[in-house]
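There are 2 protein chains.
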Amino acid sequence: MGNVVRVGLLGCGTVGEAFAELLVERLAAVEDVTGIPLALTRIAVRDPGKPRSAGIAAELFTGDPYDVVKAEDIDIVVELIGGVTPARELILTALEAGKPVVTANKELVAAAGPELYAAADRGGVDFFFEAAAVAAVPILRPIRESLAGEEITRVAGIVNGTTNYILTRMMGENLAFDEVLAAAQELGYAEPDPTADVTGADAASKLAILSSLAFNQSVAADDVPREGIVDLDRVDFELAAQFGYVIKLLAVADRFPAEDGGPGQVGVQVFPALVERDHPLATVRGSFNAVFVNTDAAGELMFYGRGAGPRPSASSILGDVIAAADHLQRGTHRKVPVGAPAAIRPTEDLAYSFYIRTEVVEAPGVLSEVTGVFGRHGVSIQQVDQDGSESQARVVFVTFPATERALNGALDELRLLGHVRSIGRVLRIYK
Amino acid sequence: MGNVVRVGLLGCGTVGEAFAELLVERLAAVEDVTGIPLALTRIAVRDPGKPRSAGIAAELFTGDPYDVVKAEDIDIVVELIGGVTPARELILTALEAGKPVVTANKELVAAAGPELYAAADRGGVDFFFEAAAVAAVPILRPIRESLAGEEITRVAGIVNGTTNYILTRMMGENLAFDEVLAAAQELGYAEPDPTADVTGADAASKLAILSSLAFNQSVAADDVPREGIVDLDRVDFELAAQFGYVIKLLAVADRFPAEDGGPGQVGVQVFPALVERDHPLATVRGSFNAVFVNTDAAGELMFYGRGAGPRPSASSILGDVIAAADHLQRGTHRKVPVGAPAAIRPTEDLAYSFYIRTEVVEAPGVLSEVTGVFGRHGVSIQQVDQDGSESQARVVFVTFPATERALNGALDELRLLGHVRSIGRVLRIYK
Chain A
1 MGNVVRVGLL GCGTVGEAFA ELLVERLAAV EDVTGIPLAL TRIAVRDPGK PRSAGIAAEL
61 FTGDPYDVVK AEDIDIVVEL IGGVTPAREL ILTALEAGKP VVTANKELVA AAGPELYAAA
121 DRGGVDFFFE AAAVAAVPIL RPIRESLAGE EITRVAGIVN GTTNYILTRM MGENLAFDEV
181 LAAAQELGYA EPDPTADVTG ADAASKLAIL SSLAFNQSVA ADDVPREGIV DLDRVDFELA
241 AQFGYVIKLL AVADRFPAED GGPGQVGVQV FPALVERDHP LATVRGSFNA VFVNTDAAGE
301 LMFYGRGAGP RPSASSILGD VIAAADHLQR GTHRKVPVGA PAAIRPTEDL AYSFYIRTEV
361 VEAPGVLSEV TGVFGRHGVS IQQVDQDGSE SQARVVFVTF PATERALNGA LDELRLLGHV
421 RSIGRVLRIY K
Chain B
1 MGNVVRVGLL GCGTVGEAFA ELLVERLAAV EDVTGIPLAL TRIAVRDPGK PRSAGIAAEL
61 FTGDPYDVVK AEDIDIVVEL IGGVTPAREL ILTALEAGKP VVTANKELVA AAGPELYAAA
121 DRGGVDFFFE AAAVAAVPIL RPIRESLAGE EITRVAGIVN GTTNYILTRM MGENLAFDEV
181 LAAAQELGYA EPDPTADVTG ADAASKLAIL SSLAFNQSVA ADDVPREGIV DLDRVDFELA
241 AQFGYVIKLL AVADRFPAED GGPGQVGVQV FPALVERDHP LATVRGSFNA VFVNTDAAGE
301 LMFYGRGAGP RPSASSILGD VIAAADHLQR GTHRKVPVGA PAAIRPTEDL AYSFYIRTEV
361 VEAPGVLSEV TGVFGRHGVS IQQVDQDGSE SQARVVFVTF PATERALNGA LDELRLLGHV
421 RSIGRVLRIY K
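Protein chains in written order, with the UniProt record's numbering: chain A, 1 to 431; chain B, 1 to 431.
Among the hints, erroneous ones may be present.
[To be verified] Simulated DEER-style distance windows between Cβ atoms: (1) A/A340 <-> B/E300: 33 to 41 Å; (2) A/G331 <-> B/A351: 46 to 54 Å; (3) B/I381 <-> A/D231: 45 to 53 Å; (4) A/D32 <-> B/V4: 36 to 44 Å; (5) A/T14 <-> B/A351: 31 to 39 Å; (6) B/P225 <-> A/A182: 49 to 57 Å; (7) A/I381 <-> B/A183: 33 to 41 Å; (8) A/K431 <-> B/E300: 22 to 30 Å; (9) A/D32 <-> B/G49: 47 to 55 Å.
[What the hints assert, rightly or not] Listed next, the stretches of chain A that the computed footprint assigns to chain B, with coverage defined by at least 3 CB atoms under 8 Å from CB atoms of chain B: (10) 143-152; (11) 277-283.
I should point out that these hints are in silico values taken from the structure, not numbers from a laboratory. A virtual CB, placed ideally from N, CA and C, is assigned to each residue, including glycine.
Next comes chain A alone, as it looks inside the complex (with noise of 0.2 Å):
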């Protein structure tokens, strides 16, 4: 049908060989289908001469990134460098140079979104990153588009599949967190360095992209507050599962409009919390991924899938460039909302749901005492469970929803009692 569309992809480590060969294998299959002729025109890398994937021909690599993003003979470039520098710099010459781009860089989307929306704009050109949301899972293009009309109060899930392999296997095997990190790593499900990963950053990453499209507001990864799972405590995956639920490390971003119709606020937070265990988040296992979708007239959605993965990733990325072809060959574009700067609800005005574990002397009156400096601050006790008997007993507090700043307040307090002796873990419980 139309002319070939000549891509140029920008890096070659695991997810760019595996896009790059996808690309290869699919060219004749996407012609039939899409009526669509692609063709990988050339790839750039560090080093040109070091030796790659059979299915990549040679002849294809450059030293020199402009070789792609300034090329007469390339029309769509796909950046998987990943990291900020020089991939900003890349994707800005590509776009300001008409074309379109795909990228899976969700640390540069989360932190220059705008800019490179903008950029994109300017160049009436298609930017496309669907897959540093979450991976494989199509969820930006159904936010985009077929729910361009709605009005959507919160999106919220499980986004990280190295931290939710490592809850789960802590969960199902009660092992300890370092052993089952050890392992993953071993096994490639975990970095060599998993820092991004285990403290909630990469999960801040992806909410920052979520909540911006989904409540056309502009939210960084900067602004998402975040806890991360490196401290938690075998013991609390035992009561867990005794209450009934299981540990997930979860990213939540609500929209609270304002009375007058205004944008109002949008609370974001990465936090490990209890999920009921048969919450459909609460089956989403190993690497897996799943973010629910929660909308004023479609009601609950939940979108489900690999989060991660160099062939998933390409599976999604492929997809943007079919799209951003097919807008080509039409000369169209779809531009992306360039919300204004979200208003951040602090995470103390935030309610909950709380567990919270306690160590108390055993006493007369003592959980009257305690459940009463829990009411003084507003805070309703749903479930006390009481365990060990003598002297010293460990006490877990199931609450109704409060404000973490009610929480807090509480806790402070109960800090001052004689007969608390400590307040260990605390988390939220989504529902």
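For chain A, the structure is supplied; the task is to place chain B on it using the hints.
Structure of chain B alone, referenced to chain A:
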């Protein structure tokens, strides 16, 4: 930005009314986010004088549907009459007049899809029907666009809310089918005539639509063999629970490519099945739906949400209307690929693990006799559970995957054995 895009509606039943209200409610927000000014211009109904929702202006109503599908002042037609006649004729007229059409009519699309796709292509306009698949759940757009470069191998899931509601309650509360159906009808979760739902016909229509788009082959509703949930017995729910399963009505489509890479065969089926309790489909409760899409590169994806209901359907229709309006303004449209009719693999050749409930006369050697029969037909037994004492026992067999043909051969021979009193329910096990 562009000109106002004038929407004409056919039908104002529960879904039509919900759509008209949602559209009017969202006009400003849609223009704000997408730059597209929409208007609700006319609504064709059988009785224009009938009192309607306060949110819809009385002067919009007409008794003549051709006042919509042929009118100069209508840019997009939304068909929500349902059924084949006169919807088919009206849609064809609109498409031939160069008006894009959005519909939620699964019966029509599953019966006459290729004819409508061809008419849309001749008219150079969009024909969208996201709400005809799984109502609120965006799945056709992700399949058609995000997964355009993918090889989809399976589409499977829960696509009927009424039966899932009934099965969830039968499973959870140990109630009989008739009791739950009556309650569901009272609550409006089941139609006064529930035939299309409980026989699996509705699910078969949706599976025809999903598999046609996923496999790029044409599957009609009549191609889909279906078993309903009418004759499910309480004892099977109890036994399922005992073995760690729940019972769900599933729609399953598999692609079996030919060895030479040709289209090969498609296996399509609707049936009640045992699903392991911690499988993500097991947590899909009440009127929710969920569809797994298995692909070569992305792996396993799942889409979850409300598969029925006026407002969820309206959300999905509005998404399609916005996409069609966007294409109209850009002078483009997206062709539905019309695949050749699929070769349907006979159900006898599809392989599953089976659950088989039998009554046998207890005697030495009976179990070995029965398992011997299974073995001779190539059906391997994974689990045997015998309950009862004295002379008669209920024995449940769980097999390894075997074709229905092999299983039926074994069951036919078992029926001839004197010690086998009866063969009760046989259910597939979905993994």
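Structure-inconsistent hints, enumerated in ascending order: Every hint satisfied by this model.
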